[in-house]
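What follows is the residue order along each chain.
Number of protein chains: 2
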Amino acid sequence: MPQFDKKHGYPGKLFIVEGVDGSGKSTQVALLKKWLESEGYSVFFTEWNSSDLVKETTRDGKKKNILTPTTFSLLHATDFADRLNYQIIPPLKAGMIVLADRYAYTAFARDTVRGVSPQWVRNLYNFAVKPDISFYFDVPIQTACERILTNRAQIKFHEAGMDLELSKDTKESFKIFQGKIMEEYKKMVGEFSLTSIDATLEIHDQQEIVRGKVKENLKGYLKKRTIYARRPKVFWRKFSLS
Amino acid sequence: MPQFDKKHGYPGKLFIVEGVDGSGKSTQVALLKKWLESEGYSVFFTEWNSSDLVKETTRDGKKKNILTPTTFSLLHATDFADRLNYQIIPPLKAGMIVLADRYAYTAFARDTVRGVSPQWVRNLYNFAVKPDISFYFDVPIQTACERILTNRAQIKFHEAGMDLELSKDTKESFKIFQGKIMEEYKKMVGEFSLTSIDATLEIHDQQEIVRGKVKENLKGYLKKRTIYARRPKVFWRKFSLS
Numbered sequence: 001m002p003q004f005d006k007k008h009g010y011p012g013k014l015f016i017v018e019g020v021d022g023s024g025k026s027t028q029v030a031l032l033k034k035w036l037e038s039e040g041y042s043v044f045f046t047e048w049n050s051s052d053l054v055k056e057t058t059r060d061g062k063k064k065n066i067l068t069p070t071t072f073s074l075l076h077a078t079d080f081a082d083r084l085n086y087q088i089i090p091p092l093k094a095g096m097i098v099l100a101d102r103y104a105y106t107a108f109a110r111d112t113v114r115g116v117s118p119q120w121v122r123n124l125y126n127f128a129v130k131p132d133i134s135f136y137f138d139v140p141i142q143t144a145c146e147r148i149l150t151n152r153a154q155i156k157f158h159e160a161g162m163d164l165e166l167s168k169d170t171k172e173s174f175k176i177f178q179g180k181i182m183e184e185y186k187k188m189v190g191e192f193s194l195t196s197i198d199a200t201l202e203i204h205d206q207q208e209i210v211r212g213k214v215k216e217n218l219k220g221y222l223k224k225r226t227i228y229a230r231r232p233k234v235f236w237r238k239f240s241l242s
Numbered sequence: 001m002p003q004f005d006k007k008h009g010y011p012g013k014l015f016i017v018e019g020v021d022g023s024g025k026s027t028q029v030a031l032l033k034k035w036l037e038s039e040g041y042s043v044f045f046t047e048w049n050s051s052d053l054v055k056e057t058t059r060d061g062k063k064k065n066i067l068t069p070t071t072f073s074l075l076h077a078t079d080f081a082d083r084l085n086y087q088i089i090p091p092l093k094a095g096m097i098v099l100a101d102r103y104a105y106t107a108f109a110r111d112t113v114r115g116v117s118p119q120w121v122r123n124l125y126n127f128a129v130k131p132d133i134s135f136y137f138d139v140p141i142q143t144a145c146e147r148i149l150t151n152r153a154q155i156k157f158h159e160a161g162m163d164l165e166l167s168k169d170t171k172e173s174f175k176i177f178q179g180k181i182m183e184e185y186k187k188m189v190g191e192f193s194l195t196s197i198d199a200t201l202e203i204h205d206q207q208e209i210v211r212g213k214v215k216e217n218l219k220g221y222l223k224k225r226t227i228y229a230r231r232p233k234v235f236w237r238k239f240s241l242s
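Protein chains in written order, with the working numbering: chain R, 1 to 242; chain V, 1 to 242.
So that you can see chain R by itself, here it is in the shape it has in the complex (with noise of 0.2 Å):
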């Protein structure tokens, strides 16, 4: 299995964005795709918790709030195990960008303020592809639950982290939260040589900051223009005997 902590061998690049929610980290990589895609690139993206595999057990385990830390984190790590092994491992060996809304550093952070040890869950994921570019969206944590806090009716049960009894209040509960999973996302920046994007500046600026970043790891990447599935067929119609 690959290694966390080594650098892969794939023919392909793996972006990823992190950040508390309403950073602005999904804008940012939406725009980088379509930039990449307009590029002549090609992409896939893929989102955190997202497998099928395990996805009605996760609603269910949090629905009947059942879910102890351990097997909260458990269960994560299995939907991106299943995630890697089939959304993200496959066209990085086909040579495609892959970009990543969220990845292992979610869990640490996550998992760590719900209670798992911290050497713990950076082992379980130790079966992870190390990114080319893990960007990290920086932003004060009152502008950030600003952000989230007025444009949704209703903050879910988990997001807020009500299962840590924080709070009896669904909004102050999900601003201790966010501060304490924010705390975790510090300490990583230098841990894991996150690369950090002040959140605070204009979109298009972050997003020209971004693209300089990304455009300065492609050197000497060789860009596929066809993507994955058709391949193949390219290929046969190539060397077609008739």
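One should not assume that every hint holds.
[Unchecked claim] Incomplete in silico selection of chain R near chain V, CB under 10 Å:
(1) Gln-3
(2) Asp-5
(3) His-8
(4) Leu-74
(5) Phe-80
(6) Asn-85
(7) Pro-118
(8) Trp-120
(9) Asn-123
(10) Leu-124
(11) Cys-145
Hints are computed from structural coordinates only; laboratory data are not their basis.
For each residue, glycine too, the CB sits at the ideal point set by N, CA and C.
Starting from the known structure of chain R, fit chain V onto it as the hints suggest.
What follows is chain V alone, placed relative to chain R:
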């Protein structure tokens, strides 16, 4: 969370049995349970892979053969974490004797044979409670395989390790797979100070040895005569004001 390399501090006792399929461990633990109960102990029995939480997911994944060694390992760990939390720790806290048919060592053996890193899977289970005695039923591979292959009409796909593509013949694959698992067990006897029992002895003779070890371990243990669920009732009857 508890730590696998440290003695637990619960008032109860945890005795577990391990060994390859056909080693006779389930017979031995069943006899041990009957004996302990007849001696007036309050006993709780639990089996490997029996939590409701991930049962369906594991079954589905197995059926479709879409699980990689890592996801397979993580699903088993999730099952175990759930079971530990709801079936093992509560009776231990209540001072009961918990008997487990298979424990984390089963994962260490099987997952390592399936290809995950031995160190990674050991770290993965670091949240587990260290058993008071871990019995390992040591039997020649030939004997174990004969017992299973003559008593069963069919060996399941994963039970035979068919996912490892060791052989196209189920029985042959089963033998090779069990042999590899046994090698892992043999390494663990020293590593985890497992209590090795000669499983070629008569059932009765093995049981005598097992009971002897358990008796020794129970010295100083305060016997619980009432079962966990009934305790509050007894309490209120005794101290009722009416």
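Okay, the hints, checked on the actual structure:
1. Gln-3: holds, 9 Å
2. Asp-5: At 13 Å from the nearest chain V Cβ, Asp-5 of chain R fails the 10 Å test, so the hint is violated.
3. His-8: violated, 15 Å
4. Leu-74: holds, 4 Å
5. Phe-80: holds, 9 Å
6. Asn-85: This interface hint holds because 5 Å falls under the 10 Å limit.
7. Pro-118: Violated, about 12 Å.
8. Trp-120: Hint holds; Trp-120 of chain R Cβ to chain V Cβ min 6 Å, cut 10 Å.
9. Asn-123: holds, 4 Å
10. Leu-124: Status holds, d = 6 Å.
11. Cys-145: violated, 30 Å
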